[in-house]
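Peer 1: Sequence:
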Amino acid sequence: MLCPQLHTQAHIMFVDPNASSSVCGHRGCFGAISTTTAAMVSCMRLFNRLQTQKETPVPPPHNIQLCQVGNNGANLTWDVVTSSGVEVVGYRVYFQDGKKKWKRFEIRKPLFFLPFKQEVLKGSISAIYTPLFKKGTVFEGGRSEPIAIQKTHRKKIPPPQNIQLQQVGDKQARLSWNEVTYPGVTVLGYLVVYKDGNSKWKRHRSTACEVVLPFENEMFVAQVAAIHTNFNGHRKKVLGERSKSISIQKSHQNKIPPPQIVQLQQFGDKQARLSWKEVTYPGVTVLGYLIFYKDGNLEWKSHISTACEVVLPFENEMFVAQVTAFHTAFNGQGGKILGERSNSISIPKVNRKYVPPPQNVQLQQVGDEWVRITWNKVTVPEVNVMSYRVYYADGSGNFIHYDTTKNQIEIRFISNTFSATVATWYKRTNVIEEQMLGRRASIVRIRKIHRQYVPPPQNVQLRQRGDNLAQLSWDEVTTPGVTVLSYLVSYYHGSGHWMNYETRQREVNITFVTNTIWASVAAYYKRINVLENKILGKRSITVSVHKAKLTHIPPPPQNVQLQQRGDNLARLSWNEVTAPGVTVLSYLVYYNNDRKHWKEEETTALEFNIEFVENYIWASVAAYYRLTSDPKNKILGNRSITVSVRKVKPPYVPPPQNVQLDQVEDKLVRLTWNEVTVPEVTVSGYLVRYYLDGKGWIEWETNELEYYIKFDANYLWASVGAQYKRTDVIEDIKLGNMSDPLLIQNSHLRCVK
0 MLCPQLHTQA HIMFVDPNAS SSVCGHRGCF GAISTTTAAM VSCMRLFNRL QTQKETPVPP
60 PHNIQLCQVG NNGANLTWDV VTSSGVEVVG YRVYFQDGKK KWKRFEIRKP LFFLPFKQEV
120 LKGSISAIYT PLFKKGTVFE GGRSEPIAIQ KTHRKKIPPP QNIQLQQVGD KQARLSWNEV
180 TYPGVTVLGY LVVYKDGNSK WKRHRSTACE VVLPFENEMF VAQVAAIHTN FNGHRKKVLG
240 ERSKSISIQK SHQNKIPPPQ IVQLQQFGDK QARLSWKEVT YPGVTVLGYL IFYKDGNLEW
300 KSHISTACEV VLPFENEMFV AQVTAFHTAF NGQGGKILGE RSNSISIPKV NRKYVPPPQN
360 VQLQQVGDEW VRITWNKVTV PEVNVMSYRV YYADGSGNFI HYDTTKNQIE IRFISNTFSA
420 TVATWYKRTN VIEEQMLGRR ASIVRIRKIH RQYVPPPQNV QLRQRGDNLA QLSWDEVTTP
480 GVTVLSYLVS YYHGSGHWMN YETRQREVNI TFVTNTIWAS VAAYYKRINV LENKILGKRS
540 ITVSVHKAKL THIPPPPQNV QLQQRGDNLA RLSWNEVTAP GVTVLSYLVY YNNDRKHWKE
600 EETTALEFNI EFVENYIWAS VAAYYRLTSD PKNKILGNRS ITVSVRKVKP PYVPPPQNVQ
660 LDQVEDKLVR LTWNEVTVPE VTVSGYLVRY YLDGKGWIEW ETNELEYYIK FDANYLWASV
720 GAQYKRTDVI EDIKLGNMSD PLLIQNSHLR CVK
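Here numbering that gives the first Met the number 0 is used: position 247 in the sequence shown is 246, and no number is missing along the way.
Some hints here could point you the wrong way.
[Unchecked claim] Cβ pair distances, simulated, as ranges:
hint: 1; residue 1: Glu-606; residue 2: Met-737; range: 48 to 56 Å
hint: 2; residue 1: Trp-617; residue 2: Ser-395; range: 54 to 62 Å
hint: 3; residue 1: Ser-441; residue 2: Glu-339; range: 53 to 61 Å
hint: 4; residue 1: Ser-643; residue 2: Lys-376; range: 44 to 52 Å
Treat the hints as calculated values from the structure; they're not laboratory data.
Ideal Cβ placement from N, Cα and C applies to all residues, glycine included.
Could you put together the complete structure from these sequences and hints?
Peer 2: In structure tokens:
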């Protein structure tokens with residue numbers, strides 16, 4: 000049985016012989032068809048209705064747009080076509096360019112580029128599909144209404160202006176032009192077309208308004224055009240009009256030398272300063288300078304300057320630059336000729352350095368009304384410290400700043416508290432910049448230390464010492480928060496005025512001029528943690544002594560000797576002092592072992608050990624005694640002569656020379672050597688040290704220059720050293736250097752060293 004098709008074709012119906020109805024394989028029959036005549040009539044009515052309505056199963060594409068692209072093309076676009084029961088496999092495009100015939104193309108995607116050479120372009124589209132139940136059969140859907148566009152003639156943007164072409168060196172040419180701007184477009188870059196001699200035309204793209212090109216031959220020709228976007232805003236690259244050709248002929252004239260003393264320095268954080276010495280050359284006029292520079296990995300750029308310095312942008316980590324002078328021709332005519340380039344000069348970028356705040360900032364009170372601020376000097380590699388800024392506040396007031404080049408300053412201290420901090424003014428080395436202020440140090444504070452009461456010396460005593468002297472003594476002054484520096488003794492001996500004498504000791508001797516002496520003492524002190532001059536404390540009570548005539552004056556100690564004792568001590572010795580009517584109580588030793596101060600020590604013995612501080616010691620001694628007639632008065636006798644001793648360093652005592660070990664009998668060996676003599680050394684004997692196989696080391700002392708050893712072993716080792724004492728040094732016997740051990744074998748008479 001046949002089923003009518005929508006386009007007057009026929010499709011075979013699939014009939015099941017066992018069923019009461021058949022199924023139409025065409026989608027337009029919508030279901031089962033009875034095998035009866037009524038069913039056939041119903042199917043025919045459906046066919047007639049569809050034919051009458053002329054319905055198409057796939058509609059034409061929608062949202063069709065036709066846009067001109069450039070001067071000779073157009074884009075035709077539309078929405079994707081979808082329909083149930085079919086698969087759209089492509090599109091059929093109909094177009095007419097002007098009055099030409101309609102043409103047709105089949106494509107898969109909803110985009111087609113049409114040639115547009117006439118004034119009017121028309122286009123129409125239909126979908127190509129295949130039914131799902133019958134793959135492989137292709138049908139055309141509904142065709143859209145034709146759309147048309149009128150050609151729009153656009154002018155190209157004008158070429159770049161002020162084009163200049165200059166020879167650079169021997170083998171390069173520099174082409175430059177003004178930047179191109181045009182309403183409605185965005186200039187993306189420039190296309191340079193150039194020709195070197197008879198070679199082919201070449202192209203070069205650049206985003207800058209200048210370019211340096213190779214110039215090997217005798218003639219160089221170039222053109223330039225701008226690359227820009229479409230007028231409709233699309234980001235498509237369009238080439239503007241080319242400029243007129245510009246050409247130069249290679250110049251073989253002698254070049255003037257490059258600029259000298261070219262210096263490149265960083266200027267701030269993002270600039271570099273290039274400077275050079277002015278160029279002068281006979282026969283030419285220097286018109287200016289051309290600078291070539293490169294910032295990091297960017298392209299080489301150029302800059303023209305009439306001055307001998309220029310500041311350029313410096314954004315990256317490395318900056319390279321060259322400079323050359325351009326001048327008039329040697330024949331005096333016009334034109335710009337470039338001289339020789341200078342050597343490349345480069346600098347790395349100097350980033351900002353971390354400059355730490357000044358360390359060890361300290362405040363110290365100076366006197367009663369001043370405070371001293373000190374700090375360590377700041378040193379940082381590649382940084383020049385210019386000065387320091389001190390911020391301070393006296394009491395609870397606001398901070399005030401003061402600049403100084405030193406690392407200390409004194410400021411008035413009125414209140415009870417004082418606060419301060421310090422920062423550093425610095426500049427980076429090899430960077431031209433304004434000085435920068437570093438970080439501040441931590442704030443330090445101080446509280447004022449007021450003067451305190453220092454008591455006068457206590458237990459002040461004035462006693463006669465011998466016939467013509469009186470000794471003033473007192474206890475040491477100690478007060479918390481105070482350091483006692485010295486003592487000021489004021490005395491009056493009955494003639495003239497009161498006199499002053501400063502001493503660090505706690506006693507002083509005063510000479511009798513009349514029969515009476517009056518004296519008092521006061522302490523010089525400083526407050527701890529206060530920088531100030533010494534302050535005089537309160538005076539003690541005034542004491543006096545009346546001169547008494549002495550009938551029995553013992554002599555000073557006799558036979559005073561000072562000798563070195565060992566390596567670090569000296570021994571002072573003297574004879575006992577005896578005199579009728581006198582009882583000797585002790586002895587007072589005066590010595591100086593550091594070349595600075597005399598010291599006093601009291602002892603009851605007849606000798607005293609003094610430690611070496613320097614290489615010399617000076618010393619004397621006096622006796623403390625008491626008269627039998629006046630047992631309460633302790634009197635200091637006259638001093639002995641002053642003796643001295645120079646420290647003697649330990650000498651070098653060499654080992655005995657010509658040491659020989661000979662076997663004289665079967666079980667007897669003789670060790671011999673030469674006598675040891677050393678200046679300022681007394682050799683008292685020799686120490687023989689030998690080793691017998693199986694018995695160990697044995698030592699023996701002798702005064703001779705030979706020694707016999709019983710040899711009852713297989714091997715024997717022996718050596719010898721001198722025993723000595725230094726002249727004028729009290730010390731034990733010492734052993735000098737030992738000789739090298741000698742070896743002898745019992746069965747041989749030869750010695751092996």
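Peer 1: Taking the hints in turn, state whether each one holds.
Peer 2: Here's how the hints hold up against the structure:
no., hint, in the structure
1, Glu-606 / Met-737: 48 to 56 Å, "35 Å, violated"
2, Trp-617 / Ser-395: 54 to 62 Å, "59 Å, holds"
3, Ser-441 / Glu-339: 53 to 61 Å, "58 Å, holds"
4, Ser-643 / Lys-376: 44 to 52 Å, "45 Å, holds"
Checked against the numbered hints given earlier, this structure breaks only hint 1.
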